[in-house]
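Asker: With the sequences and hints as input, model every part of the structure.
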Amino acid sequence: MSNEKPDKAETSADQPTRLMPGRDGRVAEAGPSPDSADQPTRLMPGRDAHAAEAGPGSEQATRIIDRADTPTVITPRESATDDESGATRVLSPSSVPASAAADTPPVQTDLSVPSARAPAAPLATSVSIPVAPIIQVPAPRTGASASPSAARTAGSAADRDELPKTGDFIKGRFELIEELGRGGMGAVFRARDLRKTEALDPDPFVAIKFISGNLIGFERAFVALQREAKNAQALNHPNIVKVFDFDRDGDLVYLTMEVVEGVALHARLRASNAKPLTPAERDHLVHGMLAGMSYAHSRDLAHADLKPSNMMIDGEGTLKILDFGIARRREYDTVFDADDLFALTIDYASPEMLNRQRPTPADDVYALGCIIYAMYAGAHPFNHVRADLARSEKMRPERPKSLSRVQWQALRKALAFTREQRFADAAEFQRAFEAPDWRKIGSIAASVLALILLVSWFAADPVQSWINVSRLDADQKSVLDRSLKDGAEYAAGGYAEDAVYAYVDALRLDGSNGAARSGVKRAVGILKSRLQPAQYRSYLLAQQQEESSPAWLKAFFADELSRLPAQ
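Residue 865 is where the sequence shown starts when you use this note's numbering, and the numbers rise one by one after that.
Note that these hints are calculated values from the structure, not bench results. Among these hints, one or two may not hold up.
Calculated cross-link-like contacts (lysine-lysine; reagent style BS3-like; alpha-carbon spacing at most 27 Å) [said to hold, decoys possible]: (1) K1029 with K1060; (2) K1258 with K1418; (3) K1258 with K1277; (4) K1385 with K1418; (5) K1035 with K1060; (6) K1106 with K1094; (7) K1349 with K1385; (8) K1277 with K1349; (9) K1277 with K1392; (10) K1392 with K1418; (11) K1392 with K1258; (12) K1349 with K1258; (13) K1265 with K1349; (14) K1277 with K1265; (15) K1106 with K1035; (16) K1060 with K1106; (17) K1139 with K1265; (18) K1349 with K1418; (19) K1265 with K1341; (20) K1341 with K1385; (21) K1106 with K1029; (22) K1060 with K1094; (23) K1094 with K1035; (24) K1392 with K1349; (25) K1277 with K1385; (26) K1418 with K1341; (27) K1258 with K1385.
Per label pair, the in silico range of CB-to-CB distance [as the list claims (entries may be wrong)]: (28) Q1285 with P1102: 29 to 37 Å; (29) K1385 with D1147: 33 to 41 Å; (30) Q1097 with D1345: 50 to 58 Å; (31) V1343 with K1094: 48 to 56 Å; (32) D1339 with K1029: 56 to 64 Å.
Predicted, not measured: the structure shown is a model, and the values here were computed from it. A virtual CB, placed ideally from N, CA and C, is assigned to each residue, including glycine.
Answerer: If you want it as structure tokens, here you go:
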């Protein structure tokens, strides 16, 4: 055998293009036939296909629009070593102009193939056919080098945009009946399981989710997703959609899951203007959401992409959490898992996840807080501003009127911008959110509490406080009462700065109120113990210069400033 290499053909690959069978595993026979028309023979580039040099912006993350009109971003984690090569994202090649094709020199082939049909005889070892170039752009992450599987994945990337359609059969077992949804993570179909049909199962239907090509384009994605799906198969909870299996059919990677007949939570929330959720319905859905995630967190699984479009309400009104097929375990003996794909939705992602840290249950708590807030307030807590920007802009969500103080305190903690300030998991969040409200205690205890508040109104200057309160209308008195209660609640929860704001609101209505004055002193004392001297001085100066502050408050801050050591 001669070792001399043939001249390179002027095509997009050094190696001849290989003739690959269709999805059903058969090579098209000569002559027209129904099978060959439905299952065309695909031409795939050889193993050593040249990749074009990465142009500007090749390290940008791929951006995908989610089904719920919220963007999902697929961002690979940073490389573990400097010598790891980049995964490839495949761009659809443009058509080859006719003039360019005419100028292309004849290409030597080992087998002559008529343009009208494929040969019926056994295939030769290779076929060289001019094709449009395949452009491969390195992305920041994968530990893989060029391999046969990499070449095959790149060559069929365009095919992945053509997801299956209704009527197709998957692996000869699942008949696709109807498309249920499509988004950035893939497409979901209702399918008939023919094995169940043969066994006379009265309910032979399953849901099949085909994973998007943007996810499986990573070299190690199939193994990573398979391992994560196996974790999800162990979950058995009435508020979590059951994952049955993870498999592939050719280039199609898919999950089979329980079918949920109902409506997506995001669609139900959009329709709430026409048909609002009743308090009982809302509380039932929130309870199911927290119960399902508490169960998952107890199994060391973090969902990492919670959002309203990943939740369904079935015909009985039960909330079901979807997409646990790519959930993350908190601990592994290696880092080889679906974090390499790192999918998240900006609106519901915590600052840590936006910083590409490994997801934890505390990140799910932040997403749950955003979803629950929207269910009670009708809007995103930060107006759909991403968490890191909301933190830098010091945005604070307003309290929904339909929430009790106990619920609001729990929800505010869930929406904290750091993991340390949030609940560690959904179980802690649920216990705090569903704790008994003070309004549910006995009427005698409520009367005693009201009497204590009434006495505190006049504690500092009874005469002046009585005069101030007597001038207030019913709404202003209600605001005064609520401000005092909120101040006490914030202080008890450790939110000293918020407690000051609440007590200041009370002092604007009654500048002589003893409870508000005492509350300000306690809260400012807490801030003094937490802040650095320079920070504390700046805080006092800012409060003293607030024009709307009552005279007593300005005098108090001035006195605090005078007690600080000279700079």
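Asker: When the hints from earlier in the document are held up against this structure, which numbers fail?
Answerer: Every hint satisfied by this model.
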